[in-house]
Structure formats: C-alpha cells, structure tokens
Amino acid sequence: MATSFSTPTTKSFSPTPAWASCLGVVAIVFGVFLTAAYGNEWMKQAVITQSMPASGEMPAADCPEEELEEEGISLAECEYMVSHVEGIALSTPDWFPSVQMGLAFAGMILAFISIIIGGALVNHTSWASSSAVLTFGALVLVDLLQFAAVVNAGPILRDLYLWNILLWFVIHLMMTTGAIAGRHSEAGL
Amino acid sequence: MQRQGYNRTAVILHWILAVSIFFLFVSSWWMLGLPLPSKELTFREFPFQLHKNIGITLVLLLALLLYVRFKHRPAPENSSSMKPWMHKLALFDHVILYVLIIAVCVSGYLSSSYTRWDTTVWWLVDLPRIAAPDEDMNMFYSNIHLWTAWALLAVVAVHVTGAVYHAFRNDGIVRRMLRW
Chain A
1 MATSFSTPTT
11 KSFSPTPAWA
21 SCLGVVAIVF
31 GVFLTAAYGN
41 EWMKQAVITQ
51 SMPASGEMPA
61 ADCPEEELEE
71 EGISLAECEY
81 MVSHVEGIAL
91 STPDWFPSVQ
101 MGLAFAGMIL
111 AFISIIIGGA
121 LVNHTSWASS
131 SAVLTFGALV
141 LVDLLQFAAV
151 VNAGPILRDL
161 YLWNILLWFV
171 IHLMMTTGAI
181 AGRHSEAGL
Chain B
1 MQRQGYNRTA
11 VILHWILAVS
21 IFFLFVSSWW
31 MLGLPLPSKE
41 LTFREFPFQL
51 HKNIGITLVL
61 LLALLLYVRF
71 KHRPAPENSS
81 SMKPWMHKLA
91 LFDHVILYVL
101 IIAVCVSGYL
111 SSSYTRWDTT
121 VWWLVDLPRI
131 AAPDEDMNMF
141 YSNIHLWTAW
151 ALLAVVAVHV
161 TGAVYHAFRN
171 DGIVRRMLRW
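Sequences listed follow chains A and B, in order.
Quick note: the first sequence, position 101, residue 101 per my numbering, numbers continuous.
Quick note: the second sequence, position 35, residue 35 per my numbering, numbers continuous.
Next comes chain A alone, as it looks inside the complex:
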C-alpha cells in the first residue's frame, strides 16, 4: 500500500496515483537523456559549421604516430575521420544546420522542462497532468519537425538521424497519450 506524504502549512500533496508515478519517473529519466542528447546535437551543428574551412575544402588529416597510439586508432581511421566530417558537410543542405540548431535548442529546453514535469507528476501537484500533456505534446511536435527536415535533407543525413527521431517520436507520443489517459481517468471519463 502506498504511503501518503503530506507536507504541513499551505501545500498538501494527495497520494500519487500509480499512472502519475510511473509516467513521472519515465519523463524524468528520458528528460535527462534527451536534454543531454539535444544539447550535444546543438553543439555538433555549431562545431561542424564553424570549424569547416571557408574554402569548403578539407585539409589533409594530421596523424602523428604518438597520437594514433594514444587514441587507439589506425592511420586509415584517422584519415577517415576527416573524410567522414567532409562527407557529412557535403551532404548537408545550407539550411539544415540552422534549422537543426533551432529544433535542438527547443527540444533541449522542453526536455529539461519535462524533468520538472516528471517530478510534479510524482508529487501529484494540481498542475502536473495538464502541463505534461502540453510539454510532451510539444516534444512530439519537435520530433515531427525534425523528421520533416531530415527527410528533405538527403540520404546521408536520413541514414544518420531518421531512425533515432522516429524512436523518440513514438516515445513522446506514448507519453502524451499516457498523460491524456491519466487526466481522463482522474476526471472519471
């Protein structure tokens, strides 16, 4: 049987229904992962864009023996690292980095908010379930916009991103549905 916690003075928290506790902790765990992942994506686009030579031509790889040993890579791998970045840059439409950075930034903020929302669900605050629907729904929207962007970005970027975006879309859709179902069950619908 769940232990009910209530705090003194002005705020009191009712016992948390099981759906809210489960959805809340899922939101928190995924929120932590996704905040980090979106933050990394934002950084990736910024670094690739700003570090590419102005001429658009990548210089030759610099692969000293001691660096190869330290990194635990072969000469071929070291040279491929340059080709890999060059290939991604070649495959990226001009509009893609700024669109991706914008969506990654929005996603990062929403993912961080979902950590707070998750905590509110576990604490069963009055504003938790409506905020959950809005936040998880907004994450679904970000996923859809990213999906649309990547679909139009060419085969290399589709290979890199599309499956990952689809996975997060399904997760966020399920979380949004769970929040709506929870609200309905509380309203007796």
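Treat the hints with care, since some could be wrong.
Mimicking DSSO-like on lysine-lysine, the simulated pairs with C-alpha atoms at most 30 Å apart in a straight line are [claimed, not checked]:
| hint | chain 1 | residue 1 | chain 2 | residue 2 |
| --- | --- | --- | --- | --- |
| 1 | B | Lys39 | B | Lys52 |
| 2 | A | Lys44 | B | Lys39 |
| 3 | B | Lys88 | B | Lys71 |
| 4 | B | Lys83 | B | Lys71 |
| 5 | A | Lys44 | B | Lys71 |
| 6 | B | Lys52 | B | Lys71 |
Calculated directly from the structure, the hints in this document are not laboratory data.
Given the structure of chain A, go ahead and fit chain B onto it with the hints provided.
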C-alpha cells in the same frame, strides 16, 4: 518538523549533475570521432575545452552538494519502504557514485595536464600547468579516466534502476529527490 525529502539546493544540484554527466558521456563519444587536431583542423577544440570545463565545474558542484547534504540531512525514509539489503545497496551505490565522479574528473584533469593542451576554465581563467607534457603519464591517467567513466555509467544504471523501481512501487522514496 524534519523535512521528508532532501534540501531544495541538493535537489537542484542533483539534477544539474545528472544532466551534465549524461551530456559529458554523449558528447565525448561524438567528439572522439572528430578529426585529430592540426593548424587547419580545429573541430576538436571547442568540444574538448567544453568537456574539461564541465568536468571541473562538476567537481565543485559535487563538493557543494555533499556539503549541503550533510548540513541539511533529510529525515530517514519510511523504513517499511526499504528492506535492509536495499538500504545497504542504496548507501553503497551513493558512496560509489560520489567516489567515481571525483575519480573520473580528477583523472581527466591529470590526463589533460600531461598533454600539450592548456586548460582555460570557461574561457576566462587559465589554469596553470602542473606538469610538462609526458605521453606515458597522459596515457596512464587517460586509462584511469576511461575505466572509471565506464564504472560510473554502470553505477548510474543501478542508481536509475533503483529510482524507477521505487517510483513504480509508488512508495514515496523518489519524492525525496523531487522537491521543487
């Protein structure tokens, strides 16, 4: 009345540390695939410097978290929620987490100290060099950094599993770290 959960500062610090640690993992896997640095190839410059900055900040935040935790101890959790072996596992997991976070950050800093790359904290303060470049010492601390990082990831997985377990049990344990 003794508070039921952790102090709010401890809660905020905990979640900042959690997001930062995951970001360091995710970003390190990406940045190690970037071209090796040269005069023309500067892809690694920003991510590596950011990695070091966050690592240094993490140690300071952890020190603050530990101070706050011991100064404002929460009430013991409801003993019926936790069997004795769970309580011991949780305590062990927490201690190992703190030790590993410090070990990862310190070994990373030491590894970096033996390279030719300087460290500027948040691009504002130059940290003085503590040693001349030394490939063997760099590799030594780099290996410690790598293996303690993997161990940290494993212990974090146990930590998260425990939290999810208590959340699904709905026994109020997780609420102690969700006080905003």
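These are the hints, each one checked on the structure:
1. Lys39(B) to Lys52(B): Judged against 30 Å, a Cα distance of about 21 Å means the pair holds.
2. Lys44(A) to Lys39(B): Distance ~20 Å between lysine 44(A) and lysine 39(B) Cα, so the pair holds.
3. Lys88(B) to Lys71(B): 22 Å, holds
4. Lys83(B) to Lys71(B): It holds: about 26 Å lies between the C-alpha atoms, which stays within 30 Å.
5. Lys44(A) to Lys71(B): 40 Å, violated
6. Lys52(B) to Lys71(B): Holds, at about 29 Å.
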